[in-house]
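2 protein chains.
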Amino acid sequence: MSKLLTTLRLVPRTLRNHRATTSAADSRNIFHKYRKIMDVPGGVFKGLSDRFNGVTIVSNEESAGDFGKRLTSSLDYWIENKRRAIWFKVHLDQSDWIPILTKNGFVFHHAKNDFVTLLRWLPTHEKVNIPVYSHTMIGVGGAVLSDNNEVLVVSERYSLIPNSWKLPGGYVEPKENLIDAVIREVREETGVEAEFETVISLRHSHGGSYDCSDMYVVIGLRPKTLELKRCEREISKLAWMPVEEYLNHENVHETNRHFIKKFLDYRKLGIKIDCEEKRHQTLQKLYNLYSAKSLKDDSC
Amino acid sequence: MSKLLTTLRLVPRTLRNHRATTSAADSRNIFHKYRKIMDVPGGVFKGLSDRFNGVTIVSNEESAGDFGKRLTSSLDYWIENKRRAIWFKVHLDQSDWIPILTKNGFVFHHAKNDFVTLLRWLPTHEKVNIPVYSHTMIGVGGAVLSDNNEVLVVSERYSLIPNSWKLPGGYVEPKENLIDAVIREVREETGVEAEFETVISLRHSHGGSYDCSDMYVVIGLRPKTLELKRCEREISKLAWMPVEEYLNHENVHETNRHFIKKFLDYRKLGIKIDCEEKRHQTLQKLYNLYSAKSLKDDSC
Chain Y
1 MSKLLTTLRL
11 VPRTLRNHRA
21 TTSAADSRNI
31 FHKYRKIMDV
41 PGGVFKGLSD
51 RFNGVTIVSN
61 EESAGDFGKR
71 LTSSLDYWIE
81 NKRRAIWFKV
91 HLDQSDWIPI
101 LTKNGFVFHH
111 AKNDFVTLLR
121 WLPTHEKVNI
131 PVYSHTMIGV
141 GGAVLSDNNE
151 VLVVSERYSL
161 IPNSWKLPGG
171 YVEPKENLID
181 AVIREVREET
191 GVEAEFETVI
201 SLRHSHGGSY
211 DCSDMYVVIG
221 LRPKTLELKR
231 CEREISKLAW
241 MPVEEYLNHE
251 NVHETNRHFI
261 KKFLDYRKLG
271 IKIDCEEKRH
281 QTLQKLYNLY
291 SAKSLKDDSC
Chain A
1 MSKLLTTLRL
11 VPRTLRNHRA
21 TTSAADSRNI
31 FHKYRKIMDV
41 PGGVFKGLSD
51 RFNGVTIVSN
61 EESAGDFGKR
71 LTSSLDYWIE
81 NKRRAIWFKV
91 HLDQSDWIPI
101 LTKNGFVFHH
111 AKNDFVTLLR
121 WLPTHEKVNI
131 PVYSHTMIGV
141 GGAVLSDNNE
151 VLVVSERYSL
161 IPNSWKLPGG
171 YVEPKENLID
181 AVIREVREET
191 GVEAEFETVI
201 SLRHSHGGSY
211 DCSDMYVVIG
221 LRPKTLELKR
231 CEREISKLAW
241 MPVEEYLNHE
251 NVHETNRHFI
261 KKFLDYRKLG
271 IKIDCEEKRH
281 QTLQKLYNLY
291 SAKSLKDDSC
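If you read the protein sequences in the order shown, they are chains Y and A. Position one of the first sequence corresponds to residue 1 (our numbering), numbered consecutively onward. Position one of the second sequence corresponds to residue 1 (our numbering), numbered consecutively onward.
Treat the hints with caution; some may be incorrect.
Pairs count within a copy or across copies, as identical chains cannot be separated in the list.
In silico lysine to aspartate or glutamate, EDC-like type, Cα no more than 16 angstroms apart, as pairs [to be verified]:
id, residue 1, residue 2
1, LYS262, GLU276
2, LYS82, ASP50
3, LYS268, GLU193
4, LYS224, ASP180
5, LYS293, ASP274
By construction, these hints were calculated from the structure, which means they are not laboratory data.
Just chain Y, with the same shape it has in the complex:
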């Protein structure tokens, strides 16, 4: 990297400062510590530098002119300056850049609604060292068990296995916590308000939607209300079913049976998988930490 030609400005570290002082960088990850590249020769894209000596070009923050010509000059400049990964974040309005990028050796990395990110790895004597994008869909299921020992069950409108009695649940939204997600899904599908008791199980499998892997976190909940209000778009029927009936019902899949059995086991054994909300002291980042614990005195 030519230090003479690039003036680097560090993006501040904490999210608070970041939000206060930058705007365009909001869609990028501050923990990559992007730095704006201020001074480049004419005809070359400016872009942002990262701590791995890569460059990111955001299509709607640069003037393209003759895109093909500018790309060629930029690639020459980046190769000369020993840059590693070159990233182009291309928004819908600049999508005519894409065929030119792919003809210049770029491949796709990830995409989301209004942009696609393409990548070219420049080093010729170094193995590509770029993590693949996220490939796991996260879902949650709610095992809602009432004081009357009844389980809240639903039958989905578009189920792969028709008439199956399942637990309410669905995909976790971007930036949503697992417990918030399961409480929301239970409310949306059944009208029942519920609160967290314990994580029960995590199921991990491959070859799900969009060829992604699937992680399904089942969470034990206590209902705060009992009245049912069906989501007509997604749910064909719903009920409070006595737990004994659920555990022997022919239209309940063995895995769902397993979750309820486990929930009952945890209560009997006095164990739970609890959630703590914490903040990372150095990075000032909030996180949730799920771990098992015993509710009994361990001296017994």
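Got chain Y; can you put chain A on it based on the hints?
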């Protein structure tokens, strides 16, 4: 959907049959039950139908001719036939389709190496009902505790917090199980062979790499070998550190301390989060199920 015009062929249900009888469909998800659309008017893309009445066009399986013209005719046909989501999976070689698709109301959905998938939702009186693509990066960390009460610790070459002593680990590869991933990462980074004892904790946070959320699963392992062999590319130093030293070391982050404390707690309390490998009876799909259990007699 016009049943007169479309002859549907069901993709067989089990993965085994699927592998034996289809090839082009391998990159798509069998659980979406894609069906090849056999009979369409001239000048219209054929594509695959899904159970939500959507159509998927795979760019390198169709003849384009004049792409813009064919797209216009196809959209007219799909709207007339009340299709819902229209998906275009565009490979690198056909990337000149992309600017034409975005000008026709398509947006990006996801991308991976050699293709990008674009989407247009046709219904005008129905809310878009398409799950967003995966937005969570899955990582694993290994808490390897020897019989001498020493923890296997590493210092990363490109760490955000320099000199910090961390647990070996990294991202889970596509279609990799969590325990396989952590054993692989420990082996690659440190040369140590280890085996599963328990899941310890799951940490969930937002705003990580590529603006994804981050799920970090920490797994307790028993070493089968003790000799250290450092991965020079990623790791700057590594050691077996006495557990008491680790729990009081100033360059160990509180969360990593928490994981080791929890591991010791689980052993003391006789609880673990175990993994069972199962097969879904209807869908014939393998999955891993992680749940807590007590190793003690619960009658105490």
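Going through the hints against the structure:
1. LYS262 with GLU276: between (21 angstroms within a copy, 13 angstroms between copies)
2. LYS82 with ASP50: within (13 angstroms within a copy, 47 angstroms between copies)
3. LYS268 with GLU193: Cα proximity of LYS268 and GLU193: none, with 24 angstroms in one copy and 37 angstroms across.
4. LYS224 with ASP180: within (15 angstroms within a copy, 40 angstroms between copies)
5. LYS293 with ASP274: Answer is both; intra-copy 7 angstroms and inter-copy 14 angstroms each pass.
The structure shown violates just one earlier hint, number 3.
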